[in-house]
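Chemist: Sequence:
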Amino acid sequence: MQSQFVGICICFLFLSMNLMGQSFPDTAFLQPVSVKYTFVDDTQADRGDRLLVDRDNNVYVLKENGLYILLAGKLVKNRQYRPLQHKIPVDVAVQSPTKELYYLYNDRFLSNTHAGKPYGKFGSGQFSKMAVNNSGAVLLAGDHGFQLVKEESSTTGRESDAIEEVKAYEEDFYIKTRFGINRYQDGRFEPVITDSKITAWAFDKDLLYVANESGFYVVDRANGRTISPLQNKLPVLPAVSMAVHQGVVWMGSDHGVFSTTDGNNFRYYASKRWLWEDVVYDVTHDSDGNAYVLTSSGVSKIDFKPMTLADKAAYFLDETRKRHLRYGLIGEVHFKKPGDVTTMEMVDTDNDGLWTSFYLGSEVFRYATTGESQARSNAMESFEAFERLLSINELEGFPSRTFERAGYKVSDPDRWRDSPEEGWEWKGHTSSDEFVAYIWVAGIMHQYLDLNPQEHQRVANFIDAIMMHIIRNDYYLVDVDEKPTLWGRWNPTYINSYPKSVVDRKLGSTTITAGLQLAHALTGKDIYTTERERLFEEHGYLENIKIPVAHIQSTPNVFYKGHNMGEGGWNHSDDEMAFLTYWILYHFAPNSELKTIYADVISDHWAIEKPERNALWSVIAYGTSGDIDVESVKWHLQEYPLDQIRWTMKNSHRKDLEFLESNFREQSTKTLISPAERHAIRHNSNPFDLDGGRNGMTQLAGDEYLLPYWMGRYLQVIVPESSE
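The sequence shown lines up with residues -21 to -1, 1 to 703 when you count with mature numbering (1 follows the signal peptide of the UniProt record, and there is no 0).
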């Protein structure tokens, strides 16, 4: 009996450990956010200007025309101390490690710390560089001469090589010449590093970090002994500025800034998502580890804010509700000026229904997880817009792509028609992308939204109308011109015209099968089962669904209406359609045998998608086939940037990436880079696309974060801290 009890306990323990392995706690992480500051007088920074942060995290920029300080979000002339208002420093320095601010003028140095006592005079124009050590000793340097000023004494000297830079770290002083870095000891500067190619250097504890034209390396700051050899696989070469804080090394370049903690893995910050400009003049940090980057237009702060995934979801929901809903549909936000949200306007797109399905779906799963009535209300609000896609045109069961008040259409003007409703227009040419959105939202609303009988009938009528239109028209979506739309085609002749190596055969069979299964579940009409079985038995649609994804490959000479269907690389829109469909295909399977087949199909597709680390594909797979990459779900959602403006971003120039040969899947690098480092994309785009964007003229809503987050919450992959 005792052994039986122990066995049961072990079994429960194993089950518990397995469940824990498929989830993670939503603990706070550091979310990088860019905050940009400009000079209030519209001045521009130049190469050679200095950037400093003092002990109180005041930010200063030293320019030829004066010292600027960051106040109330603007870089303004520093007028805090009236006696210094009209004086322009030659140099400024922060004491190491206290970070008290010291000023160097043409004929004196001073500080306002220690009641203003630090002070010293010298011959006019003698010194142009300054450093201050922990004891308050001041090193002054000119081109060759230097003076070390202590409280009770002063030492002068001269270097044969020109002194290019001076620094202090704790008690030590260092200079850089064209031959390397020297340390002051016993009355003279002795070589620590001999390197004529140094471009930047910084200290942290006992270490000296050195960047040169070929990379960067680390030495013991006392004796120059190598700690870490030259690392030349930096994102950009050379680094022209450097700062180190608690082991995090920041380097600025002519193409952005980057950081590393181990010298092998880098975080890259470039483009207007992060910086005013990519050409960096200086970089530093504050006491909290936030980075400040000086470029021509001002200072960009990379601010690391503690945040949970729940916090991020709340942020994106607020953004979506305030700026991205157009008649209940997700509208595309356009700007009149790059990145200027005050100039925003919402416009129609070719796939309003599909983009809206991510937002609507997220609210369905938010309601299923939390029971919040507002989430349910939001979902029903957008579903009303879906219903209007049918009612706004005169065609029975034909869903419009989108609609707009007359005279304000934007996308594809030739595809719009006047609505029977006065003052409105609707867009035709509807595709399978939109069809997938319809079955996806209807299916999950039926599953999770606690529909009352009237609401259930609305959802059933919506799907019934669309599916009967397709069946009546021989498995085509037929537009107002009485012709099938270009991509609304599920007819067996069309589907089976493609070889098994072209994805349209598999995908079309999958989407229409899911639609038929869902329609039967919602309406109970036998025609949907009869039609599904006919497509399976007479036209091989089930066998098409079972085609292994690995069989999809480049296939020459497959054309459809001028489109090359077999070549040109992997179509990531097909992945998007497939995975949304998989949820409906699996959950509305009419029997366990088909459900098992579908699970294998989903597992097969998910396996080939793993390198893309897509959180949505993972949680959909987990909720169907049981497959999941938990670490990638966490990584994708945490790395997802708050800034969804579609800035143009580049990564193809980076030296730290391992590039792959050209391939059908269009995987450009061995390892996927962070979403924070690439241009903002939807789920239908290639995450391995290194360069791209829209020059900051449009913005995504963040709904494509919300859906995997709330599905992850519902499936208990993401566990709130309060629920651990």
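Hints in this document: simulated from the structure, not taken from any laboratory. Cβ coordinates follow ideal geometry from the N, Cα and C atoms, glycine included. There could be a bad hint or two in this list.
[What the hints assert, rightly or not] With a straight-line cut-off of 30 angstroms between C-alpha atoms, the simulated DSS-like cross-links for lysine-lysine are:
1) Lys280 / Lys301
2) Lys212 / Lys146
3) Lys66 / Lys316
4) Lys504 / Lys589
5) Lys15 / Lys146
6) Lys66 / Lys100
7) Lys462 / Lys479
8) Lys184 / Lys66
9) Lys388 / Lys15
10) Lys574 / Lys479
11) Lys316 / Lys184
12) Lys479 / Lys212
13) Lys42 / Lys53
14) Lys42 / Lys146
15) Lys388 / Lys462
16) Lys176 / Lys78
17) Lys649 / Lys634
18) Lys589 / Lys53
19) Lys280 / Lys53
20) Lys525 / Lys540
21) Lys53 / Lys284
22) Lys78 / Lys184
23) Lys42 / Lys66
24) Lys388 / Lys316
25) Lys15 / Lys212
26) Lys15 / Lys479
27) Lys540 / Lys589
28) Lys280 / Lys146
29) Lys280 / Lys15
30) Lys284 / Lys15
31) Lys100 / Lys176
32) Lys176 / Lys108
33) Lys574 / Lys634
[As the list claims (entries may be wrong)] Ranges of calculated distance between the beta carbons of each label pair, as one might list FRET restraints:
34) Phe158 / Asp290: 50 to 56 angstroms
35) Lys315 / Asp35: 49 to 55 angstroms
36) Ser533 / Glu360: 53 to 59 angstroms
Chemist: So, for every hint listed, does it hold in this structure?
Modeler: Taking the hints in turn, this is what the structure says about them:
{"no.": "1", "hint": "Lys280 / Lys301", "result": "26 angstroms, holds"}
{"no.": "2", "hint": "Lys212 / Lys146", "result": "27 angstroms, holds"}
{"no.": "3", "hint": "Lys66 / Lys316", "result": "38 angstroms, violated"}
{"no.": "4", "hint": "Lys504 / Lys589", "result": "38 angstroms, violated"}
{"no.": "5", "hint": "Lys15 / Lys146", "result": "28 angstroms, holds"}
{"no.": "6", "hint": "Lys66 / Lys100", "result": "15 angstroms, holds"}
{"no.": "7", "hint": "Lys462 / Lys479", "result": "27 angstroms, holds"}
{"no.": "8", "hint": "Lys184 / Lys66", "result": "35 angstroms, violated"}
{"no.": "9", "hint": "Lys388 / Lys15", "result": "35 angstroms, violated"}
{"no.": "10", "hint": "Lys574 / Lys479", "result": "22 angstroms, holds"}
{"no.": "11", "hint": "Lys316 / Lys184", "result": "45 angstroms, violated"}
{"no.": "12", "hint": "Lys479 / Lys212", "result": "42 angstroms, violated"}
{"no.": "13", "hint": "Lys42 / Lys53", "result": "15 angstroms, holds"}
{"no.": "14", "hint": "Lys42 / Lys146", "result": "19 angstroms, holds"}
{"no.": "15", "hint": "Lys388 / Lys462", "result": "23 angstroms, holds"}
{"no.": "16", "hint": "Lys176 / Lys78", "result": "29 angstroms, holds"}
{"no.": "17", "hint": "Lys649 / Lys634", "result": "13 angstroms, holds"}
{"no.": "18", "hint": "Lys589 / Lys53", "result": "45 angstroms, violated"}
{"no.": "19", "hint": "Lys280 / Lys53", "result": "12 angstroms, holds"}
{"no.": "20", "hint": "Lys525 / Lys540", "result": "27 angstroms, holds"}
{"no.": "21", "hint": "Lys53 / Lys284", "result": "21 angstroms, holds"}
{"no.": "22", "hint": "Lys78 / Lys184", "result": "15 angstroms, holds"}
{"no.": "23", "hint": "Lys42 / Lys66", "result": "12 angstroms, holds"}
{"no.": "24", "hint": "Lys388 / Lys316", "result": "20 angstroms, holds"}
{"no.": "25", "hint": "Lys15 / Lys212", "result": "29 angstroms, holds"}
{"no.": "26", "hint": "Lys15 / Lys479", "result": "52 angstroms, violated"}
{"no.": "27", "hint": "Lys540 / Lys589", "result": "33 angstroms, violated"}
{"no.": "28", "hint": "Lys280 / Lys146", "result": "24 angstroms, holds"}
{"no.": "29", "hint": "Lys280 / Lys15", "result": "6 angstroms, holds"}
{"no.": "30", "hint": "Lys284 / Lys15", "result": "15 angstroms, holds"}
{"no.": "31", "hint": "Lys100 / Lys176", "result": "35 angstroms, violated"}
{"no.": "32", "hint": "Lys176 / Lys108", "result": "21 angstroms, holds"}
{"no.": "33", "hint": "Lys574 / Lys634", "result": "47 angstroms, violated"}
{"no.": "34", "hint": "Phe158 / Asp290: 50 to 56 angstroms", "result": "51 angstroms, holds"}
{"no.": "35", "hint": "Lys315 / Asp35: 49 to 55 angstroms", "result": "39 angstroms, violated"}
{"no.": "36", "hint": "Ser533 / Glu360: 53 to 59 angstroms", "result": "44 angstroms, violated"}
Going down the numbered hints, you'll see the structure goes against 3, 4, 8, 9, 11, 12, 18, 26, 27, 31, 33, 35, 36, while the others check out.
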